[in-house]
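Spelled out from the first residue to the last, the chains are:
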Amino acid sequence: MFVNFAMKNIRAYRNRSLVTILLTTLTTAMLVFATAFMDGSHEKMLQNAVEIYPGYIQVTQKDFRQKPSLDNLIFDAGAVRQVVGQRSGIEGFAARFETFVLYAGDEKAVGGMLTGIEPEEEQKLSRLASSLVDGAYLDNQDDNKLYMGYELARRLKVQVGDHLSFVGTGADYSFAADNLQVKGVFKTGLFEFDASAAFVNKSYFNKVMAAENYASHFIILPANPDDADLIATALNGDLDTEYLAESWRTTMEGLVQAMLVDSIFGYLTLSVIFIVIFFVILIYTWLTVFARMREIGVLRAVGTMPGQIFKMLVTESVLLAFCSVVLGGIIGAALAYYFHLHPIYFSFSEEQFKQYGLAASAMPTAFAPLVIMRDMAVMFVLSVGSTLYPIIKANRVKPIEAIHHV
Amino acid sequence: MNHIKIVLVILFYVLFFNTGASLAASSVDDIVKKVEDNLNGETAYLQFTMVVQTKRSKRTMKMDSWSIGKDKSFIKITYPGKDRGITFLKVDKAMWQYVPRIEKIIKIPASMMLQSWMGSDFSNDDLVRESSISEDYQATLVGEDEKEYFLDLHAREEAPVVWGRIRMHISKKHYLPTTVSYYDEDDILVRVLDYLEVESFGAHYYPTRWLMLPKDEEKAGHLTEIVVEHAVFDEKIDEAYFSKRALKRFSR
Amino acid sequence: MFRVLLRIALASLGRRLSRSMLVVLMIAMSLWGLLFMEGIYDGMTEQFIDNAIRSDSGDISIFAKGYRLDPGLEKAIERFDEIEHVLTADNRIRSHVRRLRQDGLIATAHYSRNAAIYGVELEAEERHGRLASYLREGVYDFGKKGRGVILGSRLAAKMKVGLGKKIILSAQNRDNDVSALSLRVTGILKTNNMALDENAVFIGIDKARELLLLPAGASQISIMVHDKEEVPAVQKQLAAQFANLDVMAWNSLYPALHQGREMMEVFNLITSLLVFCVAGLGIFGVMLVSVLERLREFGIMLAIGTTFQEIRTIVFVESFILGLSGYCCGSLLGGLTLFYFYQYGLDLTMFSAGLDAFGMDAITYALIRPSYFLTALAAVTGATLISVLVPLRILQKARPIEAINKI
Chain A
1 MFVNFAMKNI RAYRNRSLVT ILLTTLTTAM LVFATAFMDG SHEKMLQNAV EIYPGYIQVT
61 QKDFRQKPSL DNLIFDAGAV RQVVGQRSGI EGFAARFETF VLYAGDEKAV GGMLTGIEPE
121 EEQKLSRLAS SLVDGAYLDN QDDNKLYMGY ELARRLKVQV GDHLSFVGTG ADYSFAADNL
181 QVKGVFKTGL FEFDASAAFV NKSYFNKVMA AENYASHFII LPANPDDADL IATALNGDLD
241 TEYLAESWRT TMEGLVQAML VDSIFGYLTL SVIFIVIFFV ILIYTWLTVF ARMREIGVLR
301 AVGTMPGQIF KMLVTESVLL AFCSVVLGGI IGAALAYYFH LHPIYFSFSE EQFKQYGLAA
361 SAMPTAFAPL VIMRDMAVMF VLSVGSTLYP IIKANRVKPI EAIHHV
Chain B
1001 MNHIKIVLVI LFYVLFFNTG ASLAASSVDD IVKKVEDNLN GETAYLQFTM VVQTKRSKRT
1061 MKMDSWSIGK DKSFIKITYP GKDRGITFLK VDKAMWQYVP RIEKIIKIPA SMMLQSWMGS
1121 DFSNDDLVRE SSISEDYQAT LVGEDEKEYF LDLHAREEAP VVWGRIRMHI SKKHYLPTTV
1181 SYYDEDDILV RVLDYLEVES FGAHYYPTRW LMLPKDEEKA GHLTEIVVEH AVFDEKIDEA
1241 YFSKRALKRF SR
Chain C
2001 MFRVLLRIAL ASLGRRLSRS MLVVLMIAMS LWGLLFMEGI YDGMTEQFID NAIRSDSGDI
2061 SIFAKGYRLD PGLEKAIERF DEIEHVLTAD NRIRSHVRRL RQDGLIATAH YSRNAAIYGV
2121 ELEAEERHGR LASYLREGVY DFGKKGRGVI LGSRLAAKMK VGLGKKIILS AQNRDNDVSA
2181 LSLRVTGILK TNNMALDENA VFIGIDKARE LLLLPAGASQ ISIMVHDKEE VPAVQKQLAA
2241 QFANLDVMAW NSLYPALHQG REMMEVFNLI TSLLVFCVAG LGIFGVMLVS VLERLREFGI
2301 MLAIGTTFQE IRTIVFVESF ILGLSGYCCG SLLGGLTLFY FYQYGLDLTM FSAGLDAFGM
2361 DAITYALIRP SYFLTALAAV TGATLISVLV PLRILQKARP IEAINKI
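Residue numbers (our numbering), protein chains in the order written: chain A, 1 to 406; chain B, 1001 to 1252; chain C, 2001 to 2407.
Bound conformation, chain A alone (with noise of 0.2 Å):
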């Protein structure tokens, strides 16, 4: 019966109805929206930051973090990757070594990393391969070969083919150092890691720096990156203690703080413009209520409970905001499906990502169901209590009042 009457009303105060559906439904379709924007290109963010060199998974000797030794690596790298992938849901892993040496090309000496990856293993886990813009990648046959960042070839003066050498600490902490050859050179955009990052075959590297079976870290790539933190606890079971399996987001947390800060004045922007929206939908409620004040007089002179006239208005807005919050959260639903495919390119921005070490500018939009029928819960509480106070206000009025109100 409410329904019947709720419908007949709504359609009869047409101006209202049309201005809270637009209102809501709009709304809606914003809140949607600008969450899986803000989602989306955080995730971003955050997976270019840690897909781009330093991977969901890291496991490292347990002190290795604090104190960064010789002393502190990972010695028995056989008995990790076994460990490692022996354990469901991990897409890929494979170890680096990380040293730093002095590089001496004709003209100069530099400082910087020089690492012992597993090419092939590599090129699945982080962008390194996919950042390459001379030459070529390593693969797992190589020897001296180098590939190196790019801003590190432009200090050292180098390019493709050139030779260079190295001089360095092994793992023995031996003297170490050798030719090398630049094979590929590799912008990634984060300025700092293409100023001191190299990288050689690890087999040639476990050669050279006394290296077999040593690890200063593994990095593990999880069938679904947001099992990250699952696979690391479920690792660092598996493990030995000697050992210490992270996700990002331990290893990264400035960055996802980052993010959150980032996400908190979304939001704050977003509620200044819901406010005035609220408001809206409260002035035009408050109209419609007021405009039948003679109707609810009525109804109440014939008998009708004040619950029962509470009841019919609050089920006119529940329809209301329901029909729009539906529609809405399609609307935003659709669009955040959209630029979930086709990501937004941003390309004016490109260096205030560069700058927070977050080289990428296409953005794609979130697209997950559960936040989008938050978002629709959300809006649909706020439509319906912005309606309350007038509806609350005008059954307070006494009928012999109500009548004669013009």
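Derived by calculation from the structure, the hints in this document are not laboratory data. Note that CB positions come from ideal geometry on N, CA and C, so glycine has one too. Treat the hints with caution; some may be incorrect.
[Unchecked claim] Derived DEER-like restraints, expressed as beta-carbon distance ranges: (1) A/D76 x B/K1248: 38 to 46 Å; (2) B/E1217 x A/N224: 34 to 42 Å; (3) A/N224 x C/D2347: 55 to 63 Å; (4) B/P1080 x A/Q159: 30 to 38 Å.
Position chains B and C relative to chain A; hints supplied.
Relative to chain A, chains B and C alone:
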């Protein structure tokens, strides 16, 4: 009035020049000077073995070194085979390295000065600054027994040295250090260098076993031992060793 | 006459007091939110830029040709006196400082790290960019003999050194030898200019000259102008005058910050537009209803000789009063809020790890610009006036006189 002054002056002398130690300030400096001279010699040619021990490994290296005073030195690695022919040249405060495998002379940049030298517990800087003790530190005698003087070397404010204080035990017999402890600015012990087994090489006495023990927690289990196998002091050494060209020339 | 109309307008607003209050409240709240947002966001953006300009780039920086790409002592700015003469003579330029920079090593008995050594003149820097305000610990002084050193906060943390501690600074000097200095930490700076906090070691420029054996010359001359509007003009002129040097404005030295500011402007504009459109819709609804429910009233007024012009004035005045009251309340609220955050700042210390990753100050001080209030006034006026256009049209079409006869 005058009497009081005289008493004060006497008291002053008593307090500052005669407490505990039996040596005046100038003779403390003499001790340090003598120790430095004894360690460096006018010229020195040494053959020594360096054993670097870490938590996991133990490596042995052999090398020859030629030096004039404390400003010029040349070192050549002779063992193991893979490092054979690596040479180092130090002239004043600059240091170069030649690596035959890459056929390059590399000047050790400022940023590498505090890195470990050949994986040992000595830094490049230790080699370069080896013996500027008398310039960089203010020595005071803090005690002695029948065999040794105990000296505290406090870094001069303007001296570019990382240590806050060095405690040096010096044998009275040879005027050579026995134990040298390096403290940081907060007087926390960072490393200890022991000079053991003094032998005579001609007229020259010289410690033939040196033990460097880092005390930093991060370097637990590390120890570097140098054993001097052969030494010749104060004979003429060819100046040709101390040029950049020598790095390559004497590498073979 | 206008006073009568005004009284009529006020009376009709008063009759629907709650409703009128709602509209006023809506405008006030939206304005409050907008002002707060604008002030905080602008404050944040400008703080970013300000930090970079004050601690490093100035409004304009001069380098030797090619220094930025491949820095080295051999690329020092020479003939400083000549440049200084030009800079001093130009009355658009407020101040300038010179800095000598070289990469080197900072060391203690336990740790060593790469560092960027800046030889600076503290007094000049203070006049130039109020460098002392970034001091977190210690004093803004290199001591009597210039043996003091001021470190970037992150560098100090990584080296685990505090005030009074000795550090050894070594660097390649002009003769390509390594020279070193022993210094004591007198201060720790946090500029939130990440590169500086992470690497910078500030020493007196004379000490730097002594260390680097460079009796004259500078790596960078940082310039501040009086009026920021003149930055491009001054930059252009200096670039033409010193063709053998690189003269760069801050926004080409920090393109990311420049982009950030532009993005923020667009973002603020879009938000404001949205808010005012929606608020306009609210006013529109109320004015529409208020016109429609008074059709009879207006009919009678017309019948007794009131002109439509006058009725229109009444409607405009009503709408305008609503808008203006909302504007006044909102501005007052927003202004006070901004003033609070201008004075005390918005403290986000709880997210400090994230803020540090952004290079953001933990406390953001709001900006208050007259333009916020002027634009808002224009927007509110616009919204109130536009939103009554349709109701008036309806009123005109409805022929109020006929309305009297209805019912």
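Inset, instruction - Could you tell me which of the numbered hints above are not met by this structure, giving the numbers in increasing order? - result: As far as the earlier hints go, only 3 is violated by this structure.
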